[in-house]
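Q: Listed here are the chains, written in short residue letters.
Number of protein chains: 2
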Amino acid sequence: MVLKRLKEIENPTVVAAEPLTEFVGSLMQAAGMRENESREAATVLVDADLIGIDTHGVGYNLELHYLPGLMSGFMNPQPDTRITHETPGTATVDADKGIGLVAGRFAMNLAIEKARQTGIASVAVPNSSHYGAAGYYARMALPHDMIGLTMSSGGARVIVPMGARDPWMGTNPIAMAAPANEEPPFVIDMATTVVSFGKVAIARTFGVEIPEGWAVAESGEYVTDPANSPPAHGQPPLGETHEHGAHKGTGLGMMTDILCAILPGEPVSGLLPDNPKGGRFCHYFQAIRVDAFRPADEFKANMDEMLRALKNEPTADGYDRVMYPGQPEAEAYQDRVDSGIPLAEHSIAYFKQMAAELGVDYTL
Amino acid sequence: MVLKRLKEIENPTVVAAEPLTEFVGSLMQAAGMRENESREAATVLVDADLIGIDTHGVGYNLELHYLPGLMSGFMNPQPDTRITHETPGTATVDADKGIGLVAGRFAMNLAIEKARQTGIASVAVPNSSHYGAAGYYARMALPHDMIGLTMSSGGARVIVPMGARDPWMGTNPIAMAAPANEEPPFVIDMATTVVSFGKVAIARTFGVEIPEGWAVAESGEYVTDPANSPPAHGQPPLGETHEHGAHKGTGLGMMTDILCAILPGEPVSGLLPDNPKGGRFCHYFQAIRVDAFRPADEFKANMDEMLRALKNEPTADGYDRVMYPGQPEAEAYQDRVDSGIPLAEHSIAYFKQMAAELGVDYTL
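So the sequence lines, in the order shown, correspond to chains D and A. The first sequence lines up with residues 1 to 364 when you count with the working numbering. The second sequence lines up with residues 1 to 364 when you count with the working numbering.
Worth flagging that the hints you see were computed from the coordinates, not collected in a lab. Predicted, not measured: the structure shown is a model, and the values here were computed from it. Note that the Cβ used here is the ideal one computed from N, Cα and C, for glycine as well. All the pointers check out, no bait thrown in.
Some chain D residues near chain A, calculated using beta-carbon distances under 7 Å: (1) H85; (2) G163; (3) M176; (4) L238; (5) E243; (6) G251; (7) M255; (8) I258; (9) P264; (10) V268; (11) L271; (12) A292; (13) E313; (14) T315.
Only pairs whose alpha carbons sit at most 30 Å apart, straight line, appear in this in silico DSSO-like list of lysine-lysine: (15) D/K277 to A/K311; (16) D/K97 to A/K300; (17) D/K277 to A/K300; (18) D/K311 to D/K300; (19) A/K277 to D/K300; (20) D/K277 to D/K97; (21) A/K97 to D/K300; (22) D/K311 to A/K277; (23) A/K352 to A/K97; (24) A/K277 to A/K97; (25) A/K352 to A/K277; (26) D/K352 to D/K97; (27) A/K300 to A/K311; (28) D/K352 to D/K277.
If we strip away everything but chain D, and leave its shape as in the complex, we get (with noise of 0.2 Å):
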């Protein structure tokens, strides 16, 4: 099953999550960040390692977007992060082409507070860049008993609507967090395509054979075997086809293009045909205070009899139980805190090369 064989890592360094962190953050300073936002970064890319979501950790996203980002000048290293537009309940926030990761957490650290006052906030950012895992932002709302959502839009377009030849979208994911009491929150992270880009591109490293509908080619025909073939020319959208609903996850990339970009004034991707690398990224967060509607202990009670109810309903052939979004996450957090965070060797090697190129010093 190549969902889990894109887990398995040859040779793993194995480093424990607080000097990741710390020598990330070197790293993302000496490429010019300011040392809290560096720190602040680097917490939220180790973070998707602790819950295993390797293809938006350290290992993968420091090369692919993030140190060359900063280092060619793409990402400014040194935004001026500031509210454009604001009322009560909302804000446009310039992330001024800063890393995506520090806009991300100025953003929903105030729709969090906006929603303190209006019961429910929501915070659109435009010229900001990639943002890791959206999950990690709208978990940001849990301690404060509030749900927590959020999307992200741009880069380059992978999405290929329903009916077109090429693609047109970024693989445009929504996040959803909502917290429970004794069980692991509700927690969904997903890209509006049938699977993420980190997947497809990750096969293509490590020459795994991907199932049907998960790329295509620019002839319109599936991209097994990405080691093989070229890259793949796009993805398709949630769905897959027409008959089982294509149409519904093309309309979902669009709804987060729409509250990312549009709203608050950047181009979508789509429109920038000439671009490879396509638009910038622009984010949209929001958080709902859970006692705006009724007592949040009495909501939080609610959740762990869902939640519990659903893990304990019989399973289908083929699965020893039922899990719902956000536990699997939950039990690598744990596996993870405990065992530390497997990095591949061609990461290490990077992790060297970049810490010799920046004079950091390699401590992993």
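Fit chain A to the given chain D structure using the hints.
A: For chain A alone, kept in the frame of chain D given last:
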């Protein structure tokens, strides 16, 4: 193609929207509703017919939901729809077991009014019943230059969550509408299943074969010939299989349950296994003032630009044009305003029977 064939009706009676709304309103009033609320409810239902969403129009839903619901007392015909909890940007509205079509309009109007002050507002509605096509309420935001969003959960258990054997959630639709200027607005209205419950139900009525992945038997095998098999045990979530994103459809369905039911304090359908009808319906509404983020005229001009660009993309094999969510409905609307709404023989027979039973003149 079954998606098209479901809309083909043999020997239809064709009726204009206005007399149809008048007649349907009279039936609902005779079933116990207040006059103004019965007209509002009929308007929502006929709107679905006008935009070509036959699964949610008067033809199937008066018989499937509303007249039996009103006459059996499951739907309170004269509810005391009232706000039970409120902050500047949120409200909980108790629908008092009333008809969802009335509660839905009440709650979306409240969200729109609140958003004028706070920029964004959400209203959750427990203790309701079926509210028709979700997209109607999302579109209510458009004349106010707002983005509208709604979800509905509850009712019979239909979605079989990924990994589970049995259905556990309703089809839990999500809808969002965003205004444009010259182009038809973006409107997505999607069940979080592969297809809506109505599509499978209508396929059974007409004896039409359906694709694999739309419905499953108790054994877990796909049902494709609903005419010659037991009714579907349940329907797969959007994504259909794990490899193709069924965990995403499951998570979107749970997100809907959380915002519609758990947030305002209503048990989700999955917690009521002994009730074949599942939980009561609950809804969630949100309005976002575009000019809380930037001038609405600029937003709508950019929406036009995006929608036109997507329509003009080169097509994939098998498609003669690229369409976006909301565009087919806008085209159907024009067609049916001009030519009338086609109704099947069995719907007309039911209307005549109910007119006689309720002492209403049959005027179509």
